[in-house]
Amino acid sequence: MLKATLRSFLAHKGRLALSALAVILSVAFVAGSLIFSDTVTRTFDRLFASTAADVSVQPKQDLKAPVPGAAVQTLPAALRERVARVPGVAAVRADVKVQNIVVIDRHDRSLGPTTGAPTIATAWYAGHRSPVELTSGRAPRGAGEALLDADTADKKHVRIGDPLTVQAQPGTFRVRVVGIATFTTTNPGAALVFLDPAVAGRELLGSQALATSVSADAAKGVSDAALKLRVGRAVGTGGYDVRTAGEQAESASAALGPFLDVIKYVMLGFAGVALLVGVFLIVNTFSMLVAQRTRELGLLRALGADRRQVRRSVLTEALLLGLAGSTLGLGAGIGLALGLIRLMSLFGMNLKATEMVVGRETPVAAYVVGLGVTFVAAYLPARRAAAVSPMAALADAEVAGVGRPLTARAVAGAVLGAAGAAALAGCAAATRTAQAAVLLGVGVVLTLIATVVAGPLLVRPVIRVLGAAFPALFGPVGRMSQRNALRNPRRTGATAAALMVGLALVGGMSVASASMSASFDRQIDKNLGADFMVQNANFTPFTRQVRDTVAATHGVGLVVAQRLTQVAVRLPDGRRVQTSAVGYGPGLDDVVHLTYAQGGTAAALADGHLAMDAGFARDHGLRIGSPLPVEFPGGRHTTLTVGALTHQDTAQGFGAQGGLYFGLATFARYVPSGQDSVLYVNAAPGTNPQDLRPGLERALKPFPQVQVRDQDDYKHLVHDQIAVLLYLVYALLALAIVIAVLGVVNTLALSVVERTREIGLLRAIGLGRRQLRRMIRLESVVIAVFGAVLGLALGLVWGVCMQRVLALRGLRELAIPWTTIVAVVVGAAVVGVVAALLPALRASRMNVLAAIAHE
Amino acid sequence: MSTPDAVAAQHGPGRAPDGGLAARARALTKAYGSGETAVIALDAVDVDIARGRFTAVMGPSGSGKSTLMHCLAGLDTVTAGEVWLGDTEITGLRDRELTRLRRDRIGFMFQSFNLVPTLTAAENITLPMAIAGRRPDGGWLDQVIDTLGLRDRLAHRPAQLSGGQQQRVACARALLSRPELVFADEPTGNLDSRAGLEVLGFLRGAVDDLGQTVVMVTHDPGAAARADLVLFLADGRIVDEMARPTADAVLERMRVFSGGNPRC
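Protein sequence lines correspond, in order, to chains A and G. Going by this note's numbering, the residue at position 791 of the first sequence is 791; the numbering climbs one at a time, nothing skipped. Going by this note's numbering, the residue at position 143 of the second sequence is 143; the numbering climbs one at a time, nothing skipped.
Chain G extracted, bound-state conformation (with noise of 0.2 Å):
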């Protein structure tokens, strides 16, 4: 729907995009049992996610976002379609590489955080890096940890820090490995809105001054606000997308979609 020629010209100056696609999907389909009870989440979406950008996906409950971002992520199989990361296609891929593509090139925030309970902040961090048996870039650890402001709560449990606090975290270890991607699945959910503002703020950041990838999905038009492109979903299908949004036309476009009810 969006080829990279258009996203550039949508978004014009300032951000160029530096090139290229960081993942992509082509006619992909998602569909829940088979026959006719069947229920179709994604009827072959094709979507490009560009390199060095804020994405975020919206839409109304049951249009598909949170499935398009689990095939998209390697979380979910497809049943049909492609599905490309960088020049590989995960679509076809067994677990073991699957699980080694989320390790390497995948970061992950959830909308409860999902940090390991027993496990202190700074393990929480580098625990992918640790399952992978690889030693985190110290410069690279310390900027994430100062770009985040965790350096004082580093010693801490899961259970010692505020959610702000622990979704900081879960930026943190999203980011350490410098994955092609990090998705962020209603990452401001369960967070109040200045904590919630404060990760906006952070994720930002990361596309801005750290050159990451990142995709959210959201329903909140606020959040979606602070991406470079919104996606719209309705139906399984993508409807429209927005290249820089502002709060008040996403809730606009939302009312559109819902039928006047833009939470969900």
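In isolation and in its complexed conformation, chain A is listed as follows (with noise of 0.2 Å):
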């Protein structure tokens, strides 16, 4: 038995081979992802550990609400000396080192990296701990001069010699590069420039009497800990997060998390999209090797072979594709993270292929994958092959399989596709945003597999009406076609499914974003009231000489600034919540229209008083003069006044919690080190905005860290940031197609296998090889073209109720991208094309005299 399974998998490795590389290709992104995270996480570990002091001292980190660019946090520098006093401390220093900088060198271009990695600058010290060594030049010394790591040198064009402009939070200076310092491990891909540390306090944080830590290292024979504890008694740990060189490493890694994590989870969305495809892919396969073999199973049947020893025999089959899949995909896995790596060291993050790390883990999860995905998608068709009846040795192949009713398919599909309805029309109804998200999962899943399980019932009557034309179209050739689709429908449905799958995602998420940028342009048009934006894309601060340039600048009427701050707001409820606010300068009614329930712009950005919005006021038991006790960054608090209330759209989920804002003054004196986000321009009376504009943007060239926008410019960048969101879809759409594109190779191959016969006979009485050809491709792009409607019509459904989720957080318009569906539509046609190539190839060249002897 096991021998005839060996030849059977053997005689159909052509077939297999397709099923495979769906195999392959997921295990090789589950691989993939995790060797890649393991040789980052490594490196990295490597790279803190090897620069950690032994202790290290911090200001602890109150407040860690997400806003980019926030204040630096400091500690006092002579905190350095009571550290030293500290029995078991060898060596203390205070470090300076901040990340709100821009450099920039004499063409105006900032040295940055483009990646969103941070510029750092840092106070020079040589010595083992230090990720760098002094490669060529010197030394800084004094205000004036500093060093730059060769990577930024090289890849900016900088030399020795050359001037920089340093724009930091307390002002803007000029140094002479004097020399460039080198890693000596992996570059993290950010741009760093060192100052001399007589200096860096005063330049980088406004003070010699600050520092952002203090690092010590231990004498001989004390530990880590012991130490740690020792510094922490004399230090106070009310005020200082106290770290050992490996807490140090690991917190570290830590703020690595996120950003391999984003990695990690693209990477398991493309593995999962590969196996919910493949599954289909596999299933398909086997299912169709089955029903080609009917008459095999039975001759095994009729000789003696039970029903287990034939499922036995399929399954051994599909285990031994998914052993050779997953090998490959392993082989292929560790490709990609070379890749992955590659593309890193592209971006400035020198990652050594050398160093790849194999984790024990990465080929038990790429077996367990690759066997578990095999075996499961391979069970109904084993199972199916059991049933085979002896009889069928006698009988004709072709009809097995088609004709068994699809009773169960429809009654199943019925079922779960009016569960999935009512689901998602709940959620349509729904009126909290977690009700909804729920009933919009359950819905979503539930009505994928009614498709999934009756899009053979729906093959004929979508058929019909798609392939309606082809016999008009293209005559006999088109009418073949069009029956040849409607032939099997179990396996047309299964064919298109998984094209399906992909494409329903897509245009649900199409659906989704293109109401998320209808909402924000109208939340902008609504709103925003400036004639220009200057803020650059990430809303990081910028230096406040942005707003003196601009305020400067010929023709410019009024400026109004906003910053961001973290803060905590310890509610009437008892609760403290943590969230963002907003502090705006004066005269914020010109360019931001603001709907208040109470109160006005006055009131809010009146001295001790803050704005929030009515919703989130009306939850929290807050009114206008209600104290409400807010803490700032670096343990700064105080109680200010409710002054305002607001109508706020997206209060609830994409703003930040609450809506807080309040005037600039009262910012300044909590947040003393903040610097500006936005600044909103408007034109002086008499200046039309676009004569403004050039103007504008030239004084502006010294500060390649922002932009100037109109509101359409806005729209765009706001466009570009969901965009963002829409291409990771697009690039999972892709991965959907190829493997689905093998699917309908698959199919269309075997079925011009199965139909030699009737091909032969077509060539003979007188069909042209390029009409064959075409008989073939429309087929295939009917059952692509009747894939991507199934999915489409799906997507749409899902995309309306995802919006209305959307909607309960503020985001209110639908749209309906009707472009890209029809591009989909147009694109799924084109993959029929493509799909049809090679069996339509492989018809046309078949010898007309064997396929009409064919058995």
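If you're looking for bench data, these hints aren't it; they were derived computationally from the structure. Quantities reported herein were computed from a predicted structural model and do not represent experimental measurements. No false leads were mixed into what you were given.
On the chain A side, residues computed to face chain G include the following (Cβ under 10 Å):
| hint | residue |
| --- | --- |
| 1 | Val477 |
| 2 | Asn484 |
| 3 | Glu758 |
| 4 | Leu761 |
| 5 | Arg763 |
| 6 | Ala764 |
| 7 | Ile765 |
| 8 | Leu767 |
| 9 | Arg769 |
| 10 | Arg770 |
Backbone N, C-alpha and C fix where the C-beta goes; we use that ideal spot for every residue, glycine too.
Make one complex out of these two single chains by using the hints.
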């Protein structure tokens, strides 16, 4: 029996190769993501472990709300002396390290990495803890000198002797590059500028009396843990975090976590799609193999093999496929990880491919995934194979599997579909976000399963309509291809299902993202009154000089600054909520249109007052005049009075919770080191805004970190940010389509083999090669378009329901991207044409005589 | 081997050939494989197919009778020699020209009917004309359908038809374009004797009443007896021919060629 299985496996290796590709792809993504994240983690662990001081003291991170470029937390440099007196400390120093700077070369270009990695300015210390060493030039001495890291110098063509401008929070200063420092370990991708420790505090933090951390090395015989305890006792742990080298490395690695997680989730997303679509492909392949071998299986049964043996034979074949696929997939995964490592080094993160880490769990995961998916996918076909009667040995092969009624599918599909539709209807009618989201998830899963199950039932009606024009357009060739697609609804349905899943996902996501874009557009139209916004794409703050420059530009009338900070508020109901808050300068009403429920801008921005969303206030028992305790970074806190309540669409979700804002004077008092994140600019009366723009852009040339945007530009920026999500979905779609194409190829190839005699006859009675190819191509197109139509219909329903959920969060517009949808249908037709290439070629190359004589 | 005159002379009165040849082959040679392992299927065969006659080709298995038909019909390439269909030399034609030739000038019937299962009987009958993009002559279509008794079966799919009915559909398909030549490859091989007789009757009728030319490959002496002329093949050569055959005479002749076993 095993021998027969092996023979059969080898005999069908061509057909199995396509399924194996699906297994390989999913395993490769799983293995690749594991290897890559292991490698990155290991590399950085090593980097952090080698560079962290034995014990370090840092200001306590009290607020963690995600505000980009938040204020730098400092500690007094004098803390160094207190640490130095702790017994067991061999060496100690106060570090200065900030990321809220911009470094500009003499052509007004920023030296910062384009990848979003930070630009870091720090005090220069040589020594074994340093991740870099001086490779040319000399160390910086006094103000006006700096070192630059070699990778940045290389990339941005900066040489020793070149001048640089550093825009720091306390002020802008100029330096000359006096040396180049090269990373001794992995360069994490940041741009680094090193200053003389004697001036770094003043230049970067505004005072030599400030530092960002204090590092201590332990004397011989003193453990890090013991020293940590002693240092903690000396400085007090109320205001400071004291960490050992190990803890420091850990928290530094943890800080990398989000970045690694993104890559991991993206890769696992790809693996998931590959798996999901791959399952269809494998199920379909094995179903076809079983159908094709009905006679052979019947013979085995007639010769005395029992059901279990037949089933096991098919499953063994699946396991062999899974084994081969997993092994190749593991190899492909290593290649993929290698590619990612290369890609990272293009972006400036120099991981070493030679230090690639293949953890023990990687091959385990690869084989579990690969074997698991093939086994599960082959189980149903295997059961079907076991159900073949010995009489089948005598019957005609093609009949099997076609005629069985689809009643069970109809019932299951209808029940699941009804349940899914009910869940989606519930989602559309829901009034609470959490409830709606759960119903959406349930509805999406149920309707997807229902459509997959009922797919074969939909083949007949839908393809009748889709292919209705074929006979008129393409004559008998069109008629035959339409009928061929209808011939085995089960197979057509399963083939199209793979495409359907991917397209449903894209349909839903594109409706959701188009709706988001439309909603943001409306909000921008409604709320934004300024002629221009000066800011950067990721809302990182910028130096005060930008505001001064803008204000001094000829033709500028009004400049309103906006700042962001993280805060924590203690609500009357006792809850402490961490969120972000906005500080606005005077003149807000001229640049932003706010709708007030109570009070007005003057009351909101008045000293010691703040404004918030009316809904948030109601939910937490706040009213005009209520006192609200607010904590700011760095341990500052105060009590502000609620001065105004507003109606904000996005206060519950995409904006910061609560929609808190107050005057810039209040902001500056409690966040003294804050910087502007946005400037709203209006032209002076009598100045045409379009005339102002060139002057504004010219004036801001020395500040490459900010851009001038009018309302349309700002909409584009928002669209682009939403589009990033969409691009990811498109990439997933591309993968799904690649695998789905394999499925269509698979089905067509088998159909061509099954219909060999028919094709021979058609050729004998005068069907030309080109006509034959067209016949197969049209069949392929109609299958692919069927999948696309089904998928998009499902995706549209999902998208509309998703929009209902978004509407609960203030994104009220529904937009359906018809161009995308039409493009996807056209794309599906192209996919059909591509998938038909090989099978059609094969069919047209068939020898007519051999084909007619084919059994 | 047989000139038109000779054929005419042999057939004598009643059915004078209406002149000329539907097809002919000269020194037709077909070898499979090459070198020492080559198998000669047809060995320099000369054959003339008279227009408006019913010719049967007989011979034991492996005698080359199917190969002869395939070469005459442009389905198979020849190793050497010439094949003419009417005034057209078909040896040396490329695939596209051969396809068009088969479509427009030749009709086929096969042992296993070979209908397209997704098309109705009517669609199968008109398929070659539809492929060519031509409309069938309405009167002729009706005449063929009525002659073959398919009027009430036109909307049926092949799976809903009996074997005899399917072969009648195949016959109608072969006749519809009024081809110069109809090739029938063992048309009765898969039919019971009654349905077989019926189909032979239709082929005979197509020649007598509709003026068609039919070449039929068979190894059933009873079927061959319905032809005007029987060609006997053995070892890739035409070894004999018999005009106005009877079943017994054909069986007798076969017994001579195949060493006592008339079936093969």
